[in-house]
Amino acid sequence: MNALIDRRRFLQGSGALIVSFALPLTHGRAAVTNVTKPVDLNTVESFLAIRPDGEIIVYSGKVDLGTGVKTALMQIAADELDVPLTQVTLIQGDTDLTPDQGVTSGSFSIQNGGVQLRQAAATARRALLQAAGKRFGAASDSLRIADGIVIGPDNKRVPLQALIGPHGLDLKMDKTAPLKSPADFKLVGRDVQRVDIPGKVTGSFTFMQDFKLPGMLHGRVVRPPAIGATILKVDESSVADIPGIVKVVRQENFLGIVATNEWAAIKGARQLAVSWSEWVGLPDQRHLWEHVRKTKVLHDDVTSNVGDSAQALRSAAHKLSATFDFAIHTHGSIGPSCAVAQWQGERLTCWNAAQSPHNLRKQLAATFSLKDEQVHNIYIEGAGCYGRNGHEDAAADAALLAREVNAPVRVQWMRAEEHGWDPKGPPTLLDMRAGFDAQGKITAWESELFIPNGVAGFVSLVGADHAKLNSLGELSPGGVLNDLSIPYAIDNVKTTAHRLESTPLKPAWIRSPGRMQNSFANESFFDEIAAHLGLDPLDARLQYLRDERGKEVLERLATLSNWRQRPKPDRHANISVGRGLAFIKYELVRTYVGMVCEAEVNRKTGEVVPRKFFVVQDCGQIINPDGVRNQIEGNVLQTVSRAMQEEVRFNRSQVTSLDWASYPILRFPEVPEVVMDLIDRPQDIPWGAGEPTAALVPTTISNAVFDAIGVRLRSVPFTAEKVKVAIERDSKS
Amino acid sequence: MTQFQLNVNGMAVTATVDDQAMPLLYFLRNDLGLHGPRFGCGLGQCGACTVHLDGAAIRSCVYPIGNVQGKVTTLEGLGSGENLHPVQKAFIEEQAVQCGYCINGMIMQAAAFLKRTPKPTEDQVRQELRPNLCRCGTHLRIIRAVMRASQA
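For the protein sequence lines, the chains are A and B, in the order given. Per my numbering, the first sequence starts with residue 30, numbered consecutively. Per my numbering, the second sequence starts with residue 5, numbered consecutively.
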């Protein structure tokens with residue numbers, strides 16, 4: 030069955046903008062383009078086009094990773110232009126068509142991408158109203174737009190598309206173009222149903238994994254059995270009996286199979302006889318934290334330095350210290366990474382679900398010694414993406430295989446590849462110290478974070494690594510220094526990150542990178558301090574917070590969770606229920622979250638059951654409240670999974686947790702209830718909601734366990750075995 | 005090459021395969037272009053590939069095509085367009101999707117379950133969906149959607 034229908038489509042609506050291309054109908058986008066469409070950030074047409082039939086095309090460099098941001102971006106554009114949502118089409122993440130708005134990560138899609146889009150729409154709106162004003166002989170501010178039609182005096186009407194001149198919108202972005210008043214919003218701030226959901230519940234939605242091209246072949250990669258193993262010998266005759274094998278592709282240590290059908294590729298990759306060298310380069314996981322502590326420090330980053338914390342600690346009347354660790358996590362998308370690549374001479378077109386189409390283009394260009402312009406990289410939504418997972422790597426795999434067979438090649442990773450070869454959230458270790466004066470005031474706070482060096486840069490493409498090609502990779506754990514600094518007013522504070530030369534498994538960012546680990550340590554340690562000082566966890570935070578918006582969040586949390594009237598746990602019962610609280614001002618500059626977890630602890634078995642979460646969030650302006658609620662639920666549930674049970678396992682050669690049995694995640698019977706209160710500030714900047722809530726889940730669970738049984742959990746995940754050890758340690762001390 | 009006669013979504017189809025051990029999933033997706041069932045693990049561990057065989061939920065990623073006897077129904081055959089199955093309708097009403105990759109399995113598992121157990125408790129729904137994995141954390145909405153469908 031051929032899902033592709035060639036057709037030509039002319040996006041002629043904005044005059045100068047003429048785009049013609051062969052479109053895979055199922056996906057509604059260009060297969061090959063050599064398009065002269067502006068994509069720079071200073072031009073309205075980079076973001077918007079108005080077609081002759083009135084359709085508004087939104088071009089978004091931010092992509093929908095399964096969060097619903099596509100619908101939210103459409104709401105923003107539709108509302109600012111006063112057109113119905115059904116009149117808007119969104120094209121996302123196409124390096125020939127969409128502006129480079131940076132990586133889709135860090136809860137910035139609305140905060141950055143949405144704000145840019147709104148400004149483009151507002152600039153267009155003003156110009157369109159001016160054009161209509163001229164036509165009507167009326168002042169533009171006397172006009173209004175309804176359902177895509179400008180309405181003037183005497184009920185004169187003109188549709189927006191009729192106002193487009195021969196040169197299209199031809200407008201520079203203008204930050205002074207007036208924005209619609211929130212009082213006039215018709216779509217923004219409303220529970221608009223997501224545009225992608227009907228197709229997703231009926232099977233008509235095209236995921237990356239569903240995308241096909243005519244003549245497309247199927248590829249699978251044969252990964253080494255040890256991370257650094259090299260190929261000694263390949264016996265191609267070992268797959269000779271499989272019908273449909275087109276080619277065994279080898280480049281250095283990159284090895285793959287291309288076949289006419291997917292099953293033949295899978296069987297071939299399993300059956301191919303390969304001798305690999307031995308490689309034993311990973312540390313002993315049982316001593317992971319000693320390894321982290323001993324890893325060479327390249328330099329220190331001091332993220333806050335107030336007063337003299339060393340002196341304050343020396344002169345403190347009391348002191349407290351603790352160490353926190355957070356396990357290595359994998360992304361674990363339900364759909365393994367997938368990409369399709371096609372070469373036409375020295376031009377590469379690649380379809381994939383990578384979160385940064387523009388950055389991946391640079392990496393693919395570098396890998397194959399091409400200019401960026403020779404690579405056309407196109408985003409198609411894949412399974413949920415929570416950071417830099419395997420999609421980029423699958424793109425390189427597909428390109429490596431396609432180059433050898435003169436046909437488009439689709440690669441989908443197998444489950445073991447996804448679990449074994451996606452880059453991991455690195456192991457994170459934090460030492461915390463605090464000092465107090467005789468009156469119980471916190472006088473000193475120090476933290477030392479042990480974390481790999483680097484930022485959210487390019488993560489090397491694994492296929493390129495094996496093929497000994499340079500994909501611009503560098504150590505890139507993500508923006509892991511965020512939220513090492515604290516939101517509390519303490520006179521002497523020093524927070525230091527020791528930037529490590531290496532980490533056992535190739536790192537990258539997974540939802541709330543660094544922020545989650547740092548918040549686990551900060552908010553758990555602050556809870557320890559409060560307990561040490563005999564303060565209520567809420568009161569302690571209110572006392573040291575100097576931020577009115579933050580205090581409002583905490584007060585509303587107290588109301589929502591009935592915090593001040595909460596029952597006192599019976600710490601000696603076999604099963605005890607406790608409540609833990611935490612707060613974050615994300616990266617100290619944006620979304621506020623307050624959270625309470627109610628957890629049940631079984632003293633005998635060590636089993637912890639987080640059964641209810643209360644969440645208050647202030648993310649400024651809310652575009653789609655139901656979308657935000659969906660994200661908050663997802664943040665909580667996914668992070669309950671991470672905090673309670675997830676830990677990547679490895680031996681001295683490779684990752685060994687290669688399926689859902691060895692890397693279990695949350696299942697339905699374990700799912701907690703989530704209760705929330707959203708603060709909407711329609712006049713304010715819309716901050717992100719895609720990850721801040723996640724940052725607080727581990728710490729609220731551990732604080733709840735302390736409340737329940739008086740035992741501190743300082744190591745994620747909180748497995749029953751580890752909790753039992755903590756209980757035994759506590760009973761001995 | 006072996007040929008099989010199959011009934012998929014009420015239509016008679018002929019499958020021509022090299023290997024009778026090939027899981028049904030690949031035939032549905034690649035030969036029939038039915039993308040409702042999805043490859044998630046190839047191990048029967050996650051449920052993304054779920055289809056109905058004579059009304060029972062099975063994992064098509066590990067079900068050899070040579071063993072298929074009976075009527076196969078995929079998400080597309082469950083309902084589409086204006087003619088949605090009550091479970092599909094409830095998933096839209098509850099907006100019970102994040103990325104949606106697992107949703108095929110959730111809907112197919114739930115639809116088979118509700119046929120056997122039309123008025124389940126929430127706890128029964130949780131137990132029934134226990135083998136199905138969702139990574140985005142949409143579980144609460146999925147539970148609500150299944151409960152809503154059972155009350156429709």
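These are calculated hints, taken from the structure and not from any lab test. There may be inaccurate statements among the hints.
[Stated by the list, open to error] As a list, the in silico DSS-like pairs of lysine-lysine whose alpha-carbon atoms are at most 27 angstroms apart:
no. : chain 1 : residue 1 : chain 2 : residue 2
1   : A       : 753       : A       : 641
2   : B       : 93        : A       : 215
3   : A       : 66        : A       : 400
4   : A       : 614       : A       : 633
5   : A       : 497       : A       : 470
6   : B       : 123       : A       : 641
[Stated by the list, open to error] Below, a sample of chain B positions facing chain A; criterion: calculated Cβ distance under 8 angstroms:
no. : residue
7   : 8
8   : 52
9   : 117
10  : 139
Each residue gets a CB set at the ideal place from its N, CA and C atoms; glycine is no exception.
Can you confirm whether the C-alpha distance between residue 753 of chain A and residue 641 of chain A stays at or below 27 angstroms? Given that 27 angstroms is the threshold and the Cα spacing comes to 22 angstroms, the pair holds.
Per the CB criterion, is residue 52 of chain B less than 8 angstroms away from chain A? holds (6 angstroms)
Checking hints one by one. Is residue 117 of chain B an interface residue toward chain A, by the C-beta closer than 8 angstroms rule? violated (12 angstroms)
Less than 8 angstroms between beta-carbons is the criterion; does residue 139 of chain B satisfy it with respect to chain A? Nearest chain A Cβ about 5 angstroms off; hint holds.
Tell me if the straight-line CA distance from residue 497 of chain A to residue 470 of chain A falls inside 27 angstroms. violated (57 angstroms)
Hey, does the residue 8 of chain B contact hint survive, CB to chain A under 8 angstroms? violated (14 angstroms)
Is it true that the CA of residue 614 of chain A sits at most 27 angstroms from the CA of residue 633 of chain A? violated (37 angstroms)
Checking one constraint from the list: CA of residue 93 of chain B to CA of residue 215 of chain A, max 27 angstroms. Satisfied? holds (25 angstroms)
Hey, residue 66 of chain A versus residue 400 of chain A, does the alpha-carbon distance stay inside 27 angstroms? Holds: residue 66 of chain A and residue 400 of chain A sit about 19 angstroms apart, inside 27 angstroms.
Checking one constraint from the list: CA of residue 123 of chain B to CA of residue 641 of chain A, max 27 angstroms. Satisfied? holds (25 angstroms)
The structure shown violates the earlier hints numbered 4, 5, 7, 9.
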